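Quick note, the sequences are listed as chains A and B, same order. Counting in my numbering, the first sequence runs from 3 upward without gaps. Counting in my numbering, the second sequence runs from 3 upward without gaps.
Warning: the hint list may mix true and false statements.
Identical copies go unnamed one by one, so any copy, or any two together, can satisfy a pair.
Here are the simulated PhoX-like pairs of lysine-lysine, each with C-alpha atoms no more than 25 angstroms apart in a straight line [claimed, not checked]: (1) K108 to K63; (2) K38 to K108; (3) K7 to K35; (4) K77 to K46; (5) K35 to K126.
Hints are computed from structural coordinates only; laboratory data are not their basis. None of the values given here were measured: they were computed from a predicted structure.
One letter stands for each residue in the lines below.
There are 2 protein chains.
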Amino acid sequence: MRLTKMTDYSLRLLMYIASKEPGELCSIAEVSKAQKLSEAHLMKITHQLSLAGWLETVRGKGGGIRLGKPANKIKIGDVVMSMESDFDIVECFSGSVSCQFSKSCKLAGVVDDALSGFLSHLNKYTLADII
Amino acid sequence: MRLTKMTDYSLRLLMYIASKEPGELCSIAEVSKAQKLSEAHLMKITHQLSLAGWLETVRGKGGGIRLGKPANKIKIGDVVMSMESDFDIVECFSGSVSCQFSKSCKLAGVVDDALSGFLSHLNKYTLADII
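Extracted from the complex, chain A is given alone in its bound form:
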């Protein structure tokens, strides 16, 4: 059971930027070098994080990226929920009908509650708490 690389790298990108002075801009090249993550991955992640409001991009000469809101307003669980593309922890979450128990069993509900608890725990912490 693991988060996708996209989610993992998103957290690392946000943590890197949160460790800067508030409002300070940094380049994707800088994060790439410091965190040993490919620029292509980081550009894709930056785009998604910007759409979600976690990052702000400033274009042009002297531009770069910075947090879209203060680090103490960015909850870890919200970032994970926003970036994780796949929460089908068990196959039947995806609507698989190969399992003969799909209509009667309570596994999906139990796992769904456990997942909600997992994300709620992460949401007790902000980016500012973990860096």
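Starting from the known structure of chain A, fit chain B onto it as the hints suggest.
Okay, now just chain B, sitting in the frame of chain A:
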């Protein structure tokens, strides 16, 4: 974020067997047909579940598999912990040193606590509760 197919299929195999009369034997071929899972997968899973004590195999003519203990003594979280090979939810769980925050950051601890909560929630339920 999803469980491995091995864990998912393990739960489905155990649920199938738990839906039988207590002590009743069934064959891997029967489970394979009913649950549309390959016999090769099921044989591998049966071996692991037997080692962990969740299943009992009876050899010879008229043999088969049955639960190794009553369904109300088999906790879902324990099965998941026993069968899931990969709990490296974030890369740094695996001892990755590419992240520059690996020594100072608190993300791993927060995620580890969330994972413990996830498994504790699953352990509130037994196989008997979900079928």
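Results for each hint:
1. K108 to K63: Result: close neither inside a copy nor across copies, 56 angstroms intra and 35 angstroms inter.
2. K38 to K108: Between copies only: 20 angstroms across, 43 angstroms inside.
3. K7 to K35: Close inside one copy (17 angstroms), not across copies (35 angstroms); limit 25 angstroms.
4. K77 to K46: within (21 angstroms within a copy, 41 angstroms between copies)
5. K35 to K126: For K35 and K126, neither the intra-copy (31 angstroms) nor the inter-copy (45 angstroms) Cα distance is at most 25 angstroms.
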